[in-house]
Amino acid sequence: MFKILIVEDDDALREQLEIGLMASGFSVCYASSGLDAVAAFEKNNPDLILLDLMLPGKNGIEICTEIRRNSGVPIIMLTARTDDSDMIRGLEAGADDYVTKPYKIEVLVSRIKARLRPLREALPLVVKIGAIELDTLSHEVRKGDKKIALTPLEFKLLLTLASHPNEVFSREMLLEQVWEYTYKADTRLVNVHIQRLRSKIEDDQEQPKLVLTVRGWGYKAGPE
Amino acid sequence: MIFSRITKAALERFRSSLQIRAVVYTASLSGTALVILGGVLSVSIGNGLFSTRTEQAIIESNRAKFTVSRLFDGVAGKDPWRFQRVLDELVPELESIGVSQTRQVAFLVSDSQSNPNNFSSPVSAGLDLSLITKDFRNQVSTIPGVQTRTVQVLRAGESTPAILIGQKFVLPGGLKYELYLLYDLYNEQQTLLFVQRTLVLGGFVTMMIIAFFSFLVTSWLVKPVQEAADASELLASGDLDRRLSVRGTDVAAVLATSFNHMADSLQEKIMAMDELSKMQQRFVSDVSHELRTPLTTMKLAADYLKEHQEGLPEFTQRSIVNLHGQMDRFDLLLADLLEISRYDATGVEPSFEVHDLNGIVGVCLAAIQPFADSKNVYLDADIPSGAVQCEVDARRIERILNNLLTNAIEHSEGNPVKIRVAQNDKAVAVSVTDQGIGMTEEELAQVFNRFWRADPSRKRTTGGTGLGLAISYADAQLHLGRLEVTAEPGVGACFRLTVPKRHNITDFESPLPLAMEKP
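Residue numbers (the working numbering), protein chains in the order written: chain R, 1 to 224; chain H, 1 to 519.
Just chain H, same shape as in the assembly (with noise of 0.2 Å):
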């Protein structure tokens, strides 16, 4: 569990680091090559030293051959008692010749017909008999000349290779001898496997030593990349200062040259559309404040004009009430587009205190009553019993709530408009569902775009302003809450307003279902 974690971890590692994937990369290359580099010195060491140890054995093998021949130079054949005494130094002088340290002897009588007397045949004492075969001693005894064979000795408890050679010989007196030395590589392959520990550690320190220089390398070479990486993503998270050190003339400083000519330009356009849309909406804030004044001038004036009305021509007052009218719409509009335009500038200043959400939507509803009853709409309220306390701004709550009531009313068709309070642990919400004629999907879709309207024809029957649901949006926002909508045409739709009981929440759920009313 915890190893397939780590396995997991490591892998992970790898796959994110590129610098990491380059040392192992060049480690395991490298590695590679050593190993194959040991092999091929190792065997090639291996086959030296056999070969001159064979070279070595066959000369004293043949230096052998002398010595025999002149110990039994002179005591031929008859005289059975010298020969044996000649026969018993044989093995010894034998095992002495020459510069090898170890040399086992054995001088084997090759039939015993032509041996009537019955001589001994001299083996060195700890000589593995069974390893001169009758197979290799049929060799040396059918053909003329020095026979070798490779054998596996005991030595020390390891096994170890040896060369057994053997060649036949006639004594005076026509008795067929063969002689055997054996000569162990115990040295040798003592030597060989020094050298191959050598290799293996000569190897693994010279492949950590790559390893460590291709990781010194490969940051030298990361290290610009990795800082291009960090700087591009500072830049794409707002931070349009960011710029790369240009050092020297490499591809490094390419990039960093480039890398600082993008976010130049970068930064040129993006401060251009930033001002851009500053001056924008301090227009429209302008526009805004300077038509406020003669607006309420003219105001003061339909008013004024309105309450004296009184025995002026008939197409006079009905001109009046028209002009009254339509300054109270234009106020409405001035005042919505002030809002809009302060959202834009994010010049809001939300005031959040406690209160009970209850309260609030029942202001609202007392407020709409009526409203909906000049339209014949029933409001179904259904709220809970206890306080549902939040963290809000009443005023923009309010004229959420306001918004969403009017539209509500305006689309139902008489139908019963529903009304829904519920809270869990982190948030609070309100829906407001409508049976009336629903939405498609892309009118859903612009549903909270500014100055929209459901109805085609834009007949206005309210005198909103067709900014009503974008201010209530932002205002949702605000809150870092959630407006949210669903509608089918036909059928009607759902407005849900949740936001978080305390300003600082900002991962909850809403405690109502966005979905519509089932007739």
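Just chain R, with the same shape it has in the complex (with noise of 0.2 Å):
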């Protein structure tokens, strides 16, 4: 059973998720203020955060970015604030994905269940491109000698562009295999996420060679 920390300081909601949660067969523990939160995290270790960005003490980015300091679990936002800035910081302080309030508990569990699966392809054992090798066994990533932290979720978007070399994905297939939305969704989470990739694979960022932008259409792996 799944085990998801919810971090949100108002009770009669973080109640009511619970329920939801608890009903759709989730294990539940949470934090009510953002100075918990953390340590909630430490102490519980659970598979998924749902964290809410508005929080009393500490903001839902700032915790984000702690925990992504050494932990790939992944995090989906809830925040009440459609203000695309606020969104997007949190997106690029590691969160995976996000759902605005109010939400329905359906589209929340089949977020939550597209994140906590695990990848399943008939993939071979180890996937290449360029210099970085991609183990789907152990989801190690290595740049030659070094090894690299990637998230779950950044690991999938690496390795789905990465099986398929010189193919190129629109935003919308990389939500619909990575992010696993059957329905319209914001690409920005691409934009962002490919960002974050970007900076911990490319040897420069402003010029990768790895993860390329095709303009007006998507993205693909590099030639290599």
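Mixed in with the good hints, there may be bad ones.
Interface residues of chain H toward chain R, partial, derived using beta-carbon atoms under 7 Å [as the list claims (entries may be wrong)]:
#, residue
1, T293
2, K299
3, E349
What the hints contain is simulated information worked out from the structure, not anything from laboratory work.
No residue lacks a Cβ here, since even glycine has one placed at the ideal position from N, Cα and C.
Starting from the two chains in their separate frames, assemble the complex, guided by the hints.
Next up, the structure:
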């Protein structure tokens, strides 16, 4: 049973969320302020975090940055703000996905399940792109001798691109294959995570050689 | 052609510049005064010269009379030979009297009967005798005393006025002669011309100096006015901090002071309004945000209830369904309200990307098809075969189209709805035309207003929020595009969205007509 950490300061909402998630078969723990969030994460070791952006004490973006320092645990932001800048900042801080209030429990559950689903593609053991090697069993990523820490989402994104070198993926295709959105979603999710991925694997982020932008279409893995 | 253009430009400049007008008026008025002054001076100087010369001529003429009398004294008619000698000396003698340089003399025999010895009529060399007319000779010979007349002679190739003075003599022996002295006014004429030239030149220079001074004075006077005009222009274009510097205590300083007062109070009012409007926008935005958390909880609860309603009493179940449905509506309303409040706060950041408009329209048509089917409305799409590339925020264009299509289907009363897509080199357009109930002029004027509904009873069928078209309008403006509408009661309505192909193009025509469908 997957354990989900809910970081939400509104008690009523948190309780209702717990009811909904438990009814959907998850086990739940919570933190009700920003200051407790990291401690609750370390104590409970959840499989996924639902993170409200507007929190007393410490806001969601700081928490996200802090957790990302040594964990790739899937993080889904819950945001009352549809303000794009906040949402983008959350994604840049390392959140994998976001859900805007008010949401339906089915939507939230399907977002959670998409993030928890293991990679189950019949793939070779090692996929190479340039100097990068992806081990699909251990989920380890190496650049030469150096180990690169990618979150599961970033791993899936890079693996999707790298296993079909030179094939162009539109943002919509990536949303569907990596994020498992079945309806139209925000393509900026893709843009932000491609940027994060590049910052980890490219020699020069401004001149990417591994994950290339195809203007007007989307992205593809580099020519090597 | 060029000349007329220059004239036109100069005229334009003259009309538009207060200063140039002031300078031109001052210069031309002082020029007129100078012309009058110069004329009067020239005439009076000319008259003065003429009368001085005339007086001098009369005096000399009198002196000549004595000279003639003296010469003939003693040769009275006895000795024709001596007489003739005196007569011969007479002209050179008379030519040399007095101070005037040029004087011509004619000593003419009055009538030949009294001249039996045929004495000659000595005349100065070069004297044009035709100047001494018969008329004047009559006058001289009949009237005693000095007679004067003004004539024109040629001097140095120029026609010059001259004074002709005539008097009669009865010489000893009864011989009648007439003495004519011609004084030309060549020198006086030259002096007068010189004076006139000096006057014209001096007048011209004076006028230029006056023009220059008036230019200096007017620029000094106009400067504060010009500054005030420039400042008002800037103020009107939004530079609310613009003020004038106040120097001294004259009328320009008063103008500057009152201008600054006006600008101050204007700025205060605008800032207050701005503040109020910002507060209001922030309030709407805050309210929308604050409502979201409880709304989420309520929705989650309602969803949960709905999912677990089995086995509950019928009324409870009905209540749950109502609660659930209304939560959704509330959700939509809040989303639209938030969107509008973001537009009001100009906090919208569009993400422009190149898209094929056909693709966007296709997605919208597919999405709306079930609703059209439920209303038995045929969607008749006229879409060009090639790609219709444009740089847009696809989400917003979809939202606009969705709105237009929903409205058209809802109001078409079962008639087909026509969808057209077209492009020209600068813009792309989509029009959605229904053949439904249409709208009156008054309704048209309000169609993009918030919470306005064509239906006076405000009956909701699709659960729209009443903000849809207002948001669509703002979405179109965000693309620097236009959302336009035409309608007629009973005929239908046509909404047309036109957006530029690149979001920096501002001047474009719509490739589609804004017109109702022919039935």
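Evaluation of the provided hints:
{"no.": "1", "hint": "T293", "verdict": "holds, 5 Å"}
{"no.": "2", "hint": "K299", "verdict": "holds, 5 Å"}
{"no.": "3", "hint": "E349", "verdict": "holds, 5 Å"}
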